[in-house]
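Residue numbers (this note's numbering), protein chains in the order written: chain A, 1363 to 1573; chain B, 3 to 315; chain C, 32 to 132.
Chain B regions said to be covered by chain A (calculated; three or more residues, Cβ under 8 Å):
| no. | segment |
| --- | --- |
| 1 | 67-79 |
| 2 | 107-116 |
Over 12 Å on every C-beta distance to chain A, these chain B residues come out as not near it, computed from the model:
| no. | residue |
| --- | --- |
| 3 | Ala9 |
| 4 | Gly11 |
| 5 | Ala34 |
| 6 | Gly212 |
| 7 | Glu284 |
| 8 | Val297 |
| 9 | Leu303 |
Restraint-style ranges between C-beta atoms, simulated for each label pair:
| no. | chain 1 | residue 1 | chain 2 | residue 2 | range |
| --- | --- | --- | --- | --- | --- |
| 10 | A | Gly1464 | B | Arg57 | 54 to 62 Å |
| 11 | A | Ala1380 | B | Ala100 | 25 to 33 Å |
| 12 | A | Gly1501 | B | Ala269 | 42 to 50 Å |
No wet-lab data here; the hints were simulated from the structure. We put the beta carbon where it would ideally sit given N, CA and C, even for glycine.
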Amino acid sequence: MSAAGIAVFAALAVIAVAAGIAVFVVDSMARATFALAMSFVAVGGELVLLTLAYLGVVTILMMVMEMAIMVIFMVMFMMNPAGLMPMSMLHNKRGALAISVGTFALLAAGALAVPWPARRGVVPAPAQTTRAAGEAIMGGQMPVMVGISAVLFATIVSALMLAVPHGRYDHAPRDARSPHDRGLHDNAGHDGTHHDGTHHDGTLHDGGDWR
Amino acid sequence: MTAVQVAAGWSVVAAALIVIGAAVAAGALDAAVDPRSRTVSLSARLLRPVWETSRLLLAQRRATTAADGLLASAGSVLPLLIALAMVAVVPLGDRVVAAPTVGLVWFNAMDVVLWIAWWLAGWGPNSVHPLVGGYRFLAQALAYELPLMFALTAPAVAAGSLSVPDIVTAQQQVWFVAQMPIAAAVFIGAVAAFSLWGPFAHPAGTDIAGGVLAEQPGPARLLVRLGQYALLVVGSAMAVALFFGGGAGPVLAPWAWTVIKTAVILAALVWLRHRIPVWRPEKLMRTAWLVVLPVTLLQLLAVSILTVAGAAA
Amino acid sequence: MMLQLFLLLAAALLAVGLFGALSQQSIVMVMMGLELMVAGVIVAAAAFWYFLAPSAPDGQVLLLVVLSAMTVEMAAGFAVVILLFRTSDADMTDMAAELKG
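Just chain A, with the same shape it has in the complex:
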């Protein structure tokens, strides 16, 4: 790899790691999400540097799109999405830091100590890598992609099943599924909130009550 290549690698590496750290440092969830997006753009750049132009650009494409969707959930589920209240969302910070530093030391030691074998074969021209990948997944490696497509389809179905409000698993007795809620609404809520008022094993059904 040329000197310019090494410089680009180093710059992208610094961006990737710094943006990755920023994800867990900044207060604002919007900033955290886009720090992660920036980290992934840098990772995509590293792939392009390794002549994997297609995979690199696709990584950027997919991850940026994923972060744009992610930010909806971040803002929806975080109690402090804009970071306007200074607060810590961490628990067991010291233990986590020790484990992750230990992991890094172990992996780094492995990366440096293992006598990696010499390169077998030659690097194909950049125009050829994309074609080679395409021919692989449409040829010898086709079962892999067929498997992935089945997994993706199963994911779509199961994610919808879990997430839509009127899913088939939404009929559990209220007491069993909501210990947190029971304390709050035990006496007040039950009669008023149910459309049908059906008793079932001493508890109430509510199919459509979602908060």
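We have chain A already, so just place chains B and C on it with the hints.
Chains B and C alone, transformed into the frame defined by chain A:
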């Protein structure tokens, strides 16, 4: 027509200047054909970009409480930057700034970065109307992105390459628009959608006081508007390269043909702006997923069959 | 030597992601940590492909698998988060303690 070649390094600057100039011209044309300003004289309408620029630069700045300045400025700069990043792979006649092997994917990745750009423009000011606009854009993006991706796939399949110059070269016999009219139409529609244009301007709708544009201070708003027109210009030029034969044409030089074809598509987009009602996201989503996406997939299937049959023959 | 540098980058991304996944309270933030760990895996796999066995496309196929694993993780993760939130108002890992076996 000769093959597209990579131009010299300084062409980056030239391409950027051409895009910005064309964006201003598109702004003037927009003012000229705007039905709401029929009472104004034509010369005054044509100079509207100048008046607008000075108005936006001179207007009193306003600021919202607890705005996220960094993200807001990212949101106002990104549309123009993305347009300039896209134009690197769009050929002008027989010259192009960069000819990566995956130019088409690059264009697609950059238009996905717009998801972040428009959302940030909405989130940054910490104000209700822009925020609503930002979320509206994400809903709209979920509707147009998949049809756009498959519309981009069709010329790549027909040309057997993800490189834009290769796709232009593959159209020497017949323009791809003849072979894949639906993909071409979907692509041009998606260009309008990611530029928040015409029927797809709901995220910047008047019902939410301009949405993502509502709280932009003068210069930032100028940048966003410029970025919007630049996106239209680059999208039209890309449509020419992918579906309308690039610089192919008789008598005139290739660059002239690219400019003429781009201007025609751009003018059509600009003219249609105020003549089609705005589509609400839920209607857009229904149409996009139930009609446009299946039709685009069928188009892709037809193109694939034609390509395989052509390769076998 | 470049291989080692790429692997160090991969290890750093993995470690940062691991820190996030272990220390964050919000489930969504835990998922961001997991994403960062997968980014480390992507860098390592690409580096192994380029520096050890570039003539075979298997490394690229592995990368495609990792990328799709990432999307599956996100989709399934968010579905579970929505379900947890809807049934028990839980958006923090500590609140989902009934998921313990």
